Amino acid sequence: MMSSIKPTNSIKIAFFFLLAIGVFLRIFKLGLIPVGLNADEASIGYEAYSILKTGADRWGIQLPPYFLSFGSGQNTLYAYLSVPFLYFFDLNQHSIRLLSAFLGLGTIPLVYLFAKLLFKNYYFVLAATLLYLFDPYLFMISRWALEYNILPFFVIFSLYLFTKTFLTISSEEKLNFSKKLILIFSFPSLALIIYTYASALFIIPAFMGLIFIYFWQDIKRHKLLFSASIALFFFILCPFILFILKNHVLKTELAIEQYLPFEIPKMLSNREEVYKGFGKNLALIKKNFIFVFSGFKEFDRAINTTKFFTPHFFLVFSLLGLIYLAQQAYNQLNNQFKVLYFWSLSCLIPFLLFEMNLNRSVHLQAVVPILSLIGVFIFMENILDTRFKKQLLCAFIGLFCIQSVIFYGEYFYRFRNYDQFVTNFDGAIKVANQSKKPSEKIVITSQLVFNYLFVGFYEKYPPALLHKTLKADFSHPNVAVHSFEGYYILGDYANEGYYLNAEVFDRIKKEKSFLALLAQNEKIEDYKINDKSLIDTSLYSQKNIYKSTEWKVVAFNKK
Amino acid sequence: MINSLPSKSIFYLFLIIGIILRFLQFGNIPTGLHGDEASIGYEAFSLLKTGNDRWGFHLPAYFLSWGSGQNTLYGYLSIPFVYLFGLNEFSVRLLSGVLGILCVPMVYKLCIGLFKNENLARIAAILYIFDPFLFMTSRWGDEFNIVPFFVILFLLLLSQALLIVNKNEVLSIKEKATLILVFPAMVLLFYAYAPSLFIVPLFIFLVLMFFWKSFLKQIKWFGFSAFLGLILISPFLLFILKNNILKHELAIESSLPFSLPLMLSPRERIFIGIGENLAIIKQNMFFVFSGFTDLYVWIYNTTHFRVSHFFVLFLIPAIIYLGIVFKTNKSDVRNILLLWAVASFSIFFLYHVNLNRSLHFQSTVPIIVAVGLFAVFEKIKEGTFKRLILMGAAVFFVLQASAFFGEYFIKFPHYNVFPKDVKWALEIAEKNKKPNEKIALSKELVFNYLYPAFYSKYSPEAFQKEVKTDRTTGNVIVHSFGHYYMLGDVVNIPKTDNIEVINELSAEKSFIAMLHTNEQVPFFKNFKEEILIKDVNHDWRVVRYIQQTE
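Keeping their order, the protein sequence lines are chains A and B. The first sequence maps to residues 1 to 559 in our numbering. The second sequence maps to residues 1001 to 1550 in our numbering.
None of these hints come from the bench; they were simulated from the model. All of these numbers come straight from a predicted model, not from anything done at the bench. Check the hints yourself; a few may be wrong.
To be verified - The calculated lysine to any residue pairs, modelled on SDA-like cross-linking and capped at a C-alpha distance of 25 Å, are: (1) A:K297 to B:H1352; (2) A:K286 to B:V1395; (3) B:K1381 to A:Y122; (4) B:K1434 to B:S1510; (5) A:K297 to B:G1291; (6) A:K297 to B:F1289; (7) A:K297 to B:I1280; (8) B:K1327 to A:K468; (9) B:K1381 to A:L333; (10) A:K390 to B:T1328; (11) B:K1381 to A:I383; (12) A:K468 to A:K509; (13) B:K1411 to A:L333; (14) B:K1282 to A:G398; (15) A:K389 to B:N1117; (16) A:K390 to B:G1323.
Please model the complete structure; the sequences and the hints are all you need to start from.
Structure, rendered in C-alpha cells:
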C-alpha cells in the first residue's frame, strides 16, 4: 500500500489554508458557544478551583484520585490539568474550556506525527490531519469541558508512542536516548487514559494483552526498559487502583490510607450508568448495533451532536478500514498498523457490555477518522480506472465539504440554543448578590440540576468557606446540599429524581428578609407538604428585582 | 463484472424471503387504520356501490375528500379488491401490496433492457424488494404508495419503446402495443400523486430534447399514444382548469360523464413555501445528507432503519457512471435513468421534501444504487480485497435488513399514527346502544366520521342523504350521519368542538360516547358518566352519558 509521493507546492498551500480555517473554527467564539454552562463543567471548574485554592476537592477531600462529585464519582484528570489555566485566567467559562481546546488542537500535530508513521504517502498524512481537524464530533468536544472531552489527545498520544516504539525496535535500530524515552513513556500514557475516563478500564487490559501477545519477542529483547515502563504505569495508576480496591473490591477503609499523601473518597452510589444492563447482553448488543448502523446517531442525548454531527457517509469507510487492518494483521503485512488495529479491537469490547452512546464510545471515536481514511484510500487504491477514481474522489471531497458547511452552520447558529447548557444564571446570581443586605441570605431555586455548583462557580465561592460552612445530606446518593454560608438551597433535581430540602424551609422562615433566585415559573408557596405551603408567603412583601427569560430574583421582607 | 454473484439460486432465495416479508401479517401491520386509508377505502366502497364518491360526486377526477382534495387512482383501482374481499384493512391495503411486488419483475426487466446485465438486474431487484421505505409503502393504503409502480411502469415502457425504435425493424404487435402504452402510462402518474405535475412535464421535456429523433422515427405510433394520453388526462386537466385557473364552474360540465368537484381549499402543503427557495433548499439538503432521514412529523413510512442509508452512498458513483454514459452518447437509452433522477430531484428546489414527497425519486433509488455498486465493483482489482469488501457489503446489507425488519414487525405496530382499537370500541358502543340512542365520537380521532362509515360499511346512499356538514371553513366538517355524532374534528387546527352537535346531544336523555382513554369532555355537566369499558390496554373508552333529572 501507499507508495511514497511528495505533494506539490499547491497541495501544501491548500493544506495550510484548510488547516488555518480548521484551527480558526476550533477557537472561533470559544467559551461563548456552547452558550451557557453545563452542570458537568460547573462541577469540574469548581473542583479545579477548590484544588487550586485549598489542595482539596469541593467536599474537602485531599487530592483525590477520583472525585466524589455528585456522589457517584467523576474522573479527575481534566480538573487537575485545568488548575494552571484557572491560576492564570481565574474561574470562568473560558478558562474551564481552554484545556479542551488546547488538547483538542494539540491532537492535530500528534495525528500528523502518528499518520507519518502509518502512511508513506504524504497525501494520506495531510488528509488524516484535516479529517481529524474537521470531524464534527471531535470538533464539538474540543469546545467545552466534559471530563472525557480530552480523551482523544491521550489516545493518539499513546498510539503514537506504542507505534513508534515497536517500529523502532523491529527496524533493529539502536535505541538512542529519545527513543528510549518514548519507549518508557508508552505504558504510563495508558494510565492517563484511565484517569481521563475510567471506562477505559474495560479496554486497556485487552489492549495491553494484545500488545504482549504480538510483541512478546520485542518486549523480551528490551525487557529492562519495558519493565521500567510498566512499573511507571502501575506507579502512576496506584492511587486509582487503591480507589478501585476500596470502592469496588474490599468496600472498606484501607489500613494504609492514613499514610498516603492523598485521600481516597468513598462513593455514595455506583456509577450505575456504566454498569447498566450488564448481563442483558443481547438487548444491549441490539441497541448498540442500532447506534453503530445509524452512523453513530444519538437519539436521546444531544450534548455533543447536532443533526449533522458527523459526515456519517464516511463512517462506513471506517469499517472498511478495520477490515483492511484485520487482513494486514492476518498476513503479517504493514506492521505499522498493528497498534491501531489492537486499539480499535479493544474499543469494541464496551459495545458488548454497556449501552453505548457517542461519549461512551469516545475511545473508538478518537480513531474513527483515521480508520475511515484508511478505508477510503484502500477503496481508491483498488479502483483501476484512473479517470473514474478521480471523479469519485472529487465527489467524496465535495460531499465532505457540503456536509461540513451544513454542520458548521448548524453548530454556530443553532447549537447555541441547546438546553443542556444553563444560561443567564450568572447574571441572576450577580444581581442577587449586589442587591442583598449584608446579613441577608440568598435562597436558590430547586429547578436547576446541581444548582449549588452554579453558585459556587459563578460567585467563585471560597472553597475553604464552603468546606467549613457546608450543610449537606451525604446519605443521599447524590449528596443533597442544604446550605452554605450566605445560601439556602431549596432542593434539587438529580439523577434519582427530585428532592426537597424540607429542613431548609424552617431556617428560611426564621429570616426577617431574604432574596430568592427562582426559575421563571417557580413560586415559593408551591413548596408544600400535605397540601400545606412550607412558607406562608402572605407574611411577606415581595419585590421583583431581576428578570430574564429563565430566572428571576425576588426580595422577600416580613411585613 | 461480479461474475459469480449473486448466483441464480441465491437470487431466488432472497426473492422468496422478500415476498414472504412483504406479505407477512399483511393487513395486521401496521396495526390500526390510518385516516387516509379509511378515506380511500370508503371512497372505493362508495364508487363500487353508487358510482359516486362519498359526497355524491359522480366519478370525480379528483376526490373532494376532506375539502382540500385527494388523488383518485388508488381509490378507483381498489374497487375490485373491495368488491372481492369486502371493505376492511386487508382489502384497502391489497393494491399497495400487489403493485409493490409487481415492481420487482419490472425493475428486473428495466435493468436487463438498459444494462443488458443479469447480475445487475438481480441486485437491483433484490435491493428493490428489501428497500425499507418501499417495503413500508407497499403495506398500507395511502394514495401515493402506488407511485413507485407507475414510475417503474412508465420508465419500463419508455425504455422498451426507445429500444424498439432504435432497432429499426418492422414492428410486431407487441412492440406496437408497447409504443402505444407509453403516454397513457405517464398520465396515470398524475392521477396517482399530484407532485407529478412538476416532475413529469420536466422529464418529458428532457426526453424529447435528447430523443426527439427516436420519436420521429415512429411518429405515427407515438402520436397515437400521445392522443390516448391526452384523452386519459383530460378529466384531470379540466379539474385543474376549474380549480386552479378559472376557479368557477365550467360550461361543459353538465355534459361530461364524470364530475369535477370544486375544492374548498387548495392543497397548500404541496405549494407551501415556493419562493422561499434558499431556506427550502437548505432544509432539503438536511434531508438528503442525513441519508433521507425523515424528520417530519409523518413517520408512518419510517423507522430507525428506514433506509440502508450507507448504501445510498452508491448513488455517487452511479451518478458519475451515468454522467459518463450521458457525455459519451446523448441518445443512449440508459440516459432515461439519469433524466428521471434529474427531473424527480427538481422538486427538492421547489418545496419542502420528505420521504413521501420524494417518492418519484425514491422509486428509482434502489436501481441507481445497484448501478453504483456495479460501477464501483467493476473497477476494483480482482483479489482478496475485492472478495472481502463484497462479503462485507453483503453482511452489512443482511445486518441492516434484519435490524429493519425486526424493528418493523416488532416495534412499528405500536406507532401511534395508525389509530388502534377504533373498531373494537365502535363494536362495544354498538352492542351497548339502546334503540334510540346516539353514538358520539371523540374529536381526538382524526377524521372520526370515516371510521364508523368504514367499519360498519355504512350504505353510501344513506350516508350521502343523512350527512350534515359544515363547509364554511375550507374543510368538510362532518356533524352527524345516521346515529353517529361527531363531538369535534381535528381537520381544523386547533381542534374544534362541534357546538351544534353538543347542543343536540345535551337534549338527549342518554347517549353513548367513544372517547380517548383520558379525554375530558367539559360540556355534559348535567350528565352522569357510566363507563361501559375502559382499560389500560386500549386507547379508547366507551361511556354512556345519562341525563340527571333534578
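Consistency of the hints with the structure:
1. For the proposed pair A:K297 and B:H1352, the alpha carbon gap of about 23 Å is at most 25 Å, so the pair holds.
2. Note on A:K286 and B:V1395: the hinted pairing holds, with a Cα-Cα distance of about 16 Å set against a maximum of 25 Å.
3. For the suggested pair B:K1381 and A:Y122, the alpha carbons sit about 23 Å apart, so the restraint of at most 25 Å is met.
4. For the suggested pair B:K1434 and B:S1510, the alpha carbons sit about 9 Å apart, so the restraint of at most 25 Å is met.
5. The suggested pairing of A:K297 with B:G1291 holds, with an alpha-carbon distance near 12 Å, which does not exceed 25 Å.
6. For the proposed pair A:K297 and B:F1289, the alpha carbon gap of about 14 Å is at most 25 Å, so the pair holds.
7. Restraint check: the Cα-Cα separation between A:K297 and B:I1280 comes to about 24 Å, which is no more than 25 Å; the hinted pair holds.
8. Simply put, B:K1327 and A:K468 have alpha-carbon atoms about 80 Å apart, too far for the 25 Å limit, and the pair is violated.
9. At roughly 19 Å between alpha-carbon atoms, B:K1381 and A:L333 fall within 25 Å of each other, so this suggested pair holds.
10. Our distance criterion of 25 Å between C-alpha atoms is met by A:K390 and B:T1328, whose separation comes to about 18 Å.
11. With a CA separation close to 6 Å, the supplied pair B:K1381 and A:I383 stays within the 25 Å bound.
12. With a C-alpha separation of about 23 Å, the suggested pair A:K468 and A:K509 falls inside the 25 Å cut-off, and the hint holds.
13. About 45 Å separates the Cα atoms of B:K1411 and A:L333, which puts this hinted pair outside 25 Å; it is violated.
14. This hinted pair checks out: B:K1282 and A:G398 have alpha carbons roughly 16 Å apart, not beyond 25 Å.
15. For the proposed pair A:K389 and B:N1117, the alpha carbon gap of about 23 Å is at most 25 Å, so the pair holds.
16. The straight-line distance between the Cα atoms of A:K390 and B:G1323 is roughly 14 Å, inside the 25 Å bound, and the hint therefore holds.
This entry does not satisfy hints 8, 13, going by the numbered hints stated previously.
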